[in-house]
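Chemist: Chain by chain, the residues:
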Amino acid sequence: MSFRTPLGRARGLGTARLGTGHWLAQRITAVALVPLSLWFVMSVMIYMRADYVTVSIWLHSSVVSVLLVLLLGTLYYHAYLGLQMVIEDYVHDEWLKVSSLMLTKFICVLLAATGIFAILRVAFGG
Amino acid sequence: METDYRPLSPHIGIYRWQITMIMSILHRLTGVWLSLGTLVLIYWLIAIAAGPDTYAGAQMLFGGWIGQILIWTWAFSFFYHLCNGIRHLFWDAGQGFEIRTFYISGYSVWIISTALTVLAILFVYLFGGHP
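Those protein sequence lines, which keep their order, are chains A and B. Number 97 in the numbering used here belongs to position 95 of the first sequence; there are no gaps in the numbering. Number 52 in the numbering used here belongs to position 40 of the second sequence; there are no gaps in the numbering.
Keep in mind the hints are simulated off the structure, nothing from the lab. Be aware that one or more of the hints could be misleading.
[As the list claims (entries may be wrong)] Just a few of them, taken from the derived set where beta-carbon distance is under 7 Å, the chain A residues facing chain B:
id: 1; residue: S58
id: 2; residue: A81
id: 3; residue: L112
id: 4; residue: L113
id: 5; residue: A120
[Unchecked claim] Here are the simulated distance ranges between beta carbons:
id: 6; chain 1: A; residue 1: F5; chain 2: B; residue 2: A127; range: 19 to 29 Å
id: 7; chain 1: B; residue 1: D65; chain 2: A; residue 2: H62; range: 12 to 22 Å
id: 8; chain 1: A; residue 1: H24; chain 2: B; residue 2: F109; range: 17 to 27 Å
On a predicted model such as this, the values are computed, not experimentally measured, just so you know. Where a beta carbon is used, it is the ideal one built from N, C-alpha and C, also for glycine.
Take these sequences, add in the hints, and give me the full structure.
Modeler: Listed below in structure tokens is the structure:
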């Protein structure tokens, strides 16, 4: 049974029915980020002022590389979902909204890819 | 059928400021600020991949007082967003909606995230970089 008015249906301006997916993805990435980000922040606290050799040996380890790749993927997914919500709430001009959403998505994917490339380069002995 | 000029619900301008709304706004602000902070994280990873000279340049930038202040604002934002995020996950599970619990969890987030930031600063200056 549909509660939408005939006019609403004709205009096609209702919900896109994608809200639940967005909500769930935001929670799932949040739960995954609790251990991943805590591990990363503690590692940064240990290696923040370390010399080059110490840091590159740390980054060279397989476990660290895998965890960092997972962190970046989850982090940028979560960041995009959050930024998307902020943009959708505060930017009301349709053109500006759609273009800033697209730009934000491109930047998130670009940064994730760049970071993952840097990690793999060290991991595979660059 | 006119639908564009209906009265809107009262906006934030008429409400008395209270901790619950400040914390909600700060959750978004710290989220946006942390998103910007990931740029520094990517720069750090690139600097390690690029070699000792680039890494030394990055260490100089992070070691300066502007770099240090920025890093500690990101640290506080991280701990705040983490603690308040966990508070949000409890709400999503249907827990903690009593007014008293609401305030207790709110003040706990402030206390725990401030304490964790201070502890992190102390740890880095006392033990960081000397594993």
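Chemist: Compare the structure with each hint and give your call.
Modeler: So, going through the hints one by one against the coordinates:
Among the interface hints, the one on S58/A holds; its C-beta lies about 6 Å from the nearest C-beta in chain B, closer than the 7 Å criterion. Against a cut-off of 7 Å between C-beta atoms, the interface hint on A81/A holds, since the closest Cβ of chain B lies about 4 Å away. Restraint check, L112/A versus chain B: the minimum CB separation of about 9 Å is more than 7 Å; hint violated. Interface restraint check for L113/A: the shortest CB-CB distance to chain B comes to about 5 Å, inside 7 Å, so the restraint holds.
Proximity of A120/A to chain B holds as hinted, the smallest CB-CB distance being about 4 Å (cut-off 7 Å). Under the hint 19 to 29 Å, the C-beta atoms of F5/A and A127/B, about 48 Å apart, miss the expected range. Separation of D65/B from H62/A is about 19 Å and conforms to the stated range, judged on CB atoms against 12 to 22 Å. At about 23 Å, the beta-carbon gap between H24/A and F109/B stays in the expected band of 17 to 27 Å.
Violated hints for the displayed structure, listed by number in ascending order: 3, 6.
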